[in-house]
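**Student:** The lines below spell out each chain.
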Amino acid sequence: MPSLLHRIQYDNDETAFQEFYKENVFKLFQFAFAFVRNKELAEEIVNDVFLRLWQKRNALDKIDNLNVYLYVAVKNTAANYIRKDIRRKQPEIDNLTVSHFYLSPDPEQVMITDELRKTIEHSVNQLPPKCKLIFKLVKEDGLSGNEVAAILRLSYKTVNAQLAIALKKLEQDLRPSLQEYHLKVRRH
Amino acid sequence: MVSLSTVQSMENSRIIELMAKKAAQGASPEELEELARLLGAHPSYAYFHEVVHALKGNQDHLELMTPKEELVAHGWQDLAGKLNEGQTGTGLLRRLNGGVRWVAAAVFLVVLVTGALLYYKKSSAQLQAEAPSSLVSYAGFGATRKLVLSDGTKVWLNAGSKLTYPNVFSGDRREVKLEGEAYFEVAKVSKAPFSVHAGKITVGVLGTSFNLKAYTGDKDIETTLITGKVQVTMDNEPEKPILLSPHEKLTIVNETEGVREKKETGTEAPEAQKAYNALRYQVQLLPQSTGNGFVETAWVNNKLVINDESFETVAQLLERKYDVSIHFGDERLKQEHISGVFEKESIGEVLQILKMTTGFKYRLDGKAIYLSKN
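Just so you know, the sequences run in chain order A and B. Numbering-wise, the first sequence is residues 62 to 249 according to our numbering. Numbering-wise, the second sequence is residues -4 to 369 according to our numbering.
Treat the hints as calculated values from the structure; they're not laboratory data. Fair warning: there could be bad hints in the mix.
Straight line, CA to CA, 25 Å or less: simulated SDA-like cross-link-like pairs of lysine to any residue [claimed, not checked]:
hint: 1; chain 1: B; residue 1: 51; chain 2: A; residue 2: 190
hint: 2; chain 1: B; residue 1: 77; chain 2: A; residue 2: 77
hint: 3; chain 1: A; residue 1: 230; chain 2: B; residue 2: 33
hint: 4; chain 1: A; residue 1: 229; chain 2: B; residue 2: 35
hint: 5; chain 1: B; residue 1: 17; chain 2: A; residue 2: 165
hint: 6; chain 1: A; residue 1: 230; chain 2: B; residue 2: 35
hint: 7; chain 1: A; residue 1: 179; chain 2: B; residue 2: 241
hint: 8; chain 1: B; residue 1: 77; chain 2: A; residue 2: 186
hint: 9; chain 1: B; residue 1: 298; chain 2: B; residue 2: 318
hint: 10; chain 1: A; residue 1: 191; chain 2: B; residue 2: 8
hint: 11; chain 1: B; residue 1: 51; chain 2: A; residue 2: 226
hint: 12; chain 1: A; residue 1: 229; chain 2: B; residue 2: 45
hint: 13; chain 1: A; residue 1: 179; chain 2: B; residue 2: 362
hint: 14; chain 1: A; residue 1: 83; chain 2: B; residue 2: 71
hint: 15; chain 1: B; residue 1: 51; chain 2: A; residue 2: 117
hint: 16; chain 1: B; residue 1: 63; chain 2: A; residue 2: 182
hint: 17; chain 1: A; residue 1: 230; chain 2: B; residue 2: 6
hint: 18; chain 1: B; residue 1: 63; chain 2: A; residue 2: 129
hint: 19; chain 1: B; residue 1: 17; chain 2: A; residue 2: 126
hint: 20; chain 1: A; residue 1: 117; chain 2: B; residue 2: 71
hint: 21; chain 1: A; residue 1: 229; chain 2: B; residue 2: 1
hint: 22; chain 1: A; residue 1: 230; chain 2: B; residue 2: 49
hint: 23; chain 1: B; residue 1: 51; chain 2: A; residue 2: 205
hint: 24; chain 1: A; residue 1: 230; chain 2: B; residue 2: 63
hint: 25; chain 1: B; residue 1: 17; chain 2: A; residue 2: 189
hint: 26; chain 1: B; residue 1: 339; chain 2: B; residue 2: 326
hint: 27; chain 1: A; residue 1: 229; chain 2: A; residue 2: 174
hint: 28; chain 1: A; residue 1: 123; chain 2: A; residue 2: 101
hint: 29; chain 1: B; residue 1: 77; chain 2: A; residue 2: 79
hint: 30; chain 1: A; residue 1: 218; chain 2: B; residue 2: 29
hint: 31; chain 1: B; residue 1: 17; chain 2: A; residue 2: 205
hint: 32; chain 1: B; residue 1: 16; chain 2: A; residue 2: 165
hint: 33; chain 1: B; residue 1: 77; chain 2: A; residue 2: 219
hint: 34; chain 1: B; residue 1: 362; chain 2: B; residue 2: 326
With the rest of the complex left out, here is chain A:
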């Protein structure tokens, strides 16, 4: 079975494109929403990006890192929509809304009390916007530090530093609960 991208590029396979869309659209939608905070507009932006991708499917294999390409295209398209000052090209990522990113531990991977889960969600939610966005892109979207740096036009060092800030904050907030948990485990 040829890969999805191969089927899209060489067979004009719409079903393959649909599959590709379904795999990728949600995270891009969340990303777009962070910029425009409007559901319809976020959908329009993301679909715009996918439509352009479909239109140049013949050159799909020329795209170096398709994942990064999609995030950057969404960011640039969103920037065109929201730019108040048309001369300022780069949207301010410090101002993004990221309150709709919720990260919580997967119950299938780790045993966790309801209380601890709430503490984690609260702690992640309190992170500064830029920090939370980077943490989300790495943890949820599975992007590497280098990819996040390319997408947000930050240095790799900055991305790493922001991740460390997020982890440190999380560790501090969770310390009391984790120690308690640790004691319980040892008692058993």
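For chain A, the structure is supplied; the task is to place chain B on it using the hints.
**Tutor:** Relative to chain A, chain B alone:
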């Protein structure tokens, strides 16, 4: 001699650093080994590491109350028609049928809408027709006023503001109209959304509190949300509501300015230009509150908070608060930037204080103030 606790905290920082590298997929095999060794020596971090590893996003888009599957299916439905051209432009209309989903969890929210040229003769007429027994309350210059509406909603009207509202709210809608600025504490009535029409925008909430400012003649319309959830709709684009989260400020640029900008920026790509003209807004996060509350709501406590505003803007604030008229003898003064907090000062005292940081002279003549350069 390095103490044990210093070693501990150094190791803890190292663990965090290595975990960050690992998460960013940038850790070398040696670093991964080092991390494993450190985690072995620090069991509480081992569990923390496990928890972080298991973190994943919630697939329900909570902010929008729409599950992932629904969003994806909806998006594809829209895109599929466009892939082979022909049927463009129908997507938006179809999407509108979904309607607006309100977030019922909103408890308290404060919204501010600042200024704008007000073109709502039409909506005013509609409001009159729907609510024949409407009342008008007015707070004159130099005064604020507090009202309680029939549903228990409390409204503080700022100086020079006017609120039009029905004698008694009826049916499943609560609608009022504001010119100027007001702080609302909306009584929670389920299934009866509360809307405030102000200029060319409408702010909608479902039971909660907010503050709205829409004076005639200001450059921007600003909506600031302190807590809760609010939806702002521009009357000419009801299909594109903007959702605000707590501590966010929405600034909508006045339309007439947009037309002027358009001419200046004719080089922009056509599709971007179109979008740009349709929606000229920006959402900013408010700076962390310092315990004195937010600049945007300070007036409710009779405070005048000025944070790096132009003298021209400040003059408008002073005119409303003190019921005076301010005349600039020198245009350059308008561009001077001013900061300060005033509470009980008289207008004379305010001017004295401003004089200390900004070079100008003033002359008081009854209710008129004349400013000139030093």
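**Student:** Now tell me if each hint is right for this structure.
**Tutor:** Hints and how they fare:
Distance restraint check for residue 51 (chain B) and residue 190 (chain A): the Cα-Cα separation of roughly 18 Å lies within the 25 Å cut-off, and the hinted pair is therefore satisfied. Between the alpha carbons of residue 77 (chain B) and residue 77 (chain A) the distance comes to roughly 16 Å, so the proposed pair stays at or under 25 Å and holds. Restraint check for residue 230 (chain A) and residue 33 (chain B): the C-alpha separation of about 19 Å stays at or below 25 Å, so the hint holds. For the proposed pair residue 229 (chain A) and residue 35 (chain B), the alpha carbon gap of about 19 Å is at most 25 Å, so the pair holds.
Distance hint between residue 17 (chain B) and residue 165 (chain A) is fulfilled; the C-alpha atoms sit about 19 Å from each other, no more than 25 Å. A distance of roughly 22 Å separates the Cα atoms of residue 230 (chain A) and residue 35 (chain B); the hinted pair therefore holds under the 25 Å criterion. As the CA atoms of residue 179 (chain A) and residue 241 (chain B) are separated by approximately 20 Å, the hinted pair is consistent with the 25 Å bound. For a cut-off of 25 Å, the pair hint linking residue 77 (chain B) to residue 186 (chain A) is broken: about 37 Å separates their Cα positions.
For a cut-off of 25 Å, the pair hint linking residue 298 (chain B) to residue 318 (chain B) stands: about 16 Å separates their Cα positions. A C-alpha spacing of about 21 Å is found between residue 191 (chain A) and residue 8 (chain B), which places the hinted pair at or below 25 Å, so the restraint holds. Restraint check for residue 51 (chain B) and residue 226 (chain A): the C-alpha separation of about 18 Å stays at or below 25 Å, so the hint holds. Using a Cα cut-off of 25 Å, the hinted pair residue 229 (chain A) and residue 45 (chain B) holds, with the two alpha carbons roughly 15 Å apart.
With a C-alpha separation of about 58 Å, the suggested pair residue 179 (chain A) and residue 362 (chain B) falls outside the 25 Å cut-off, and the hint is violated. For the suggested pair residue 83 (chain A) and residue 71 (chain B), the alpha carbons sit about 8 Å apart, so the restraint of at most 25 Å is met. Under the criterion of a C-alpha separation no larger than 25 Å, the hint pairing residue 51 (chain B) with residue 117 (chain A) is inconsistent with the structure, at around 33 Å. Distance restraint check for residue 63 (chain B) and residue 182 (chain A): the Cα-Cα separation of roughly 19 Å lies within the 25 Å cut-off, and the hinted pair is therefore satisfied.
Of the pairs offered as hints, the one joining residue 230 (chain A) and residue 6 (chain B) holds, with about 16 Å between alpha carbons and a cut-off of 25 Å not exceeded. Only pairs whose Cα atoms come within 25 Å are accepted, and residue 63 (chain B) paired with residue 129 (chain A) is accepted, the gap being roughly 21 Å. Of the supplied pair hints, the one linking residue 17 (chain B) and residue 126 (chain A) holds, its CA atoms being roughly 21 Å apart against a limit of 25 Å. The straight-line distance between the Cα atoms of residue 117 (chain A) and residue 71 (chain B) is roughly 18 Å, inside the 25 Å bound, and the hint therefore holds.
Annotation: proposed proximity of residue 229 (chain A) to residue 1 (chain B) holds, straight-line Cα distance about 17 Å (limit 25 Å). For the suggested pair residue 230 (chain A) and residue 49 (chain B), the alpha carbons sit about 17 Å apart, so the restraint of at most 25 Å is met. A threshold of 25 Å between alpha carbons decides the hint, and for residue 51 (chain B) with residue 205 (chain A) the separation of about 15 Å falls inside it, so the pair holds. The suggested pairing of residue 230 (chain A) with residue 63 (chain B) is violated, with an alpha-carbon distance near 29 Å, which exceeds 25 Å.
Distance check on the hinted pair: residue 17 (chain B) and residue 189 (chain A) sit about 21 Å apart at the alpha-carbon level, within 25 Å; holds. Among the hinted pairs, residue 339 (chain B) with residue 326 (chain B) is inconsistent with the structure: their alpha-carbon atoms are about 29 Å apart, more than 25 Å. For the hint pairing residue 229 (chain A) with residue 174 (chain A), the CA-to-CA distance comes to about 21 Å; that is within 25 Å, so the pair holds. Between residue 123 (chain A) and residue 101 (chain A) the CA atoms are separated by roughly 31 Å; this puts the pair beyond 25 Å, and the hint is violated.
Of the pairs offered as hints, the one joining residue 77 (chain B) and residue 79 (chain A) holds, with about 13 Å between alpha carbons and a cut-off of 25 Å not exceeded. Simply put, residue 218 (chain A) and residue 29 (chain B) have alpha-carbon atoms about 20 Å apart, close enough for the 25 Å limit, and the pair holds. With a CA separation close to 9 Å, the supplied pair residue 17 (chain B) and residue 205 (chain A) stays within the 25 Å bound. Distance check on the hinted pair: residue 16 (chain B) and residue 165 (chain A) sit about 20 Å apart at the alpha-carbon level, within 25 Å; holds.
With a C-alpha separation of about 40 Å, the suggested pair residue 77 (chain B) and residue 219 (chain A) falls outside the 25 Å cut-off, and the hint is violated. Of the supplied pair hints, the one linking residue 362 (chain B) and residue 326 (chain B) holds, its CA atoms being roughly 21 Å apart against a limit of 25 Å.
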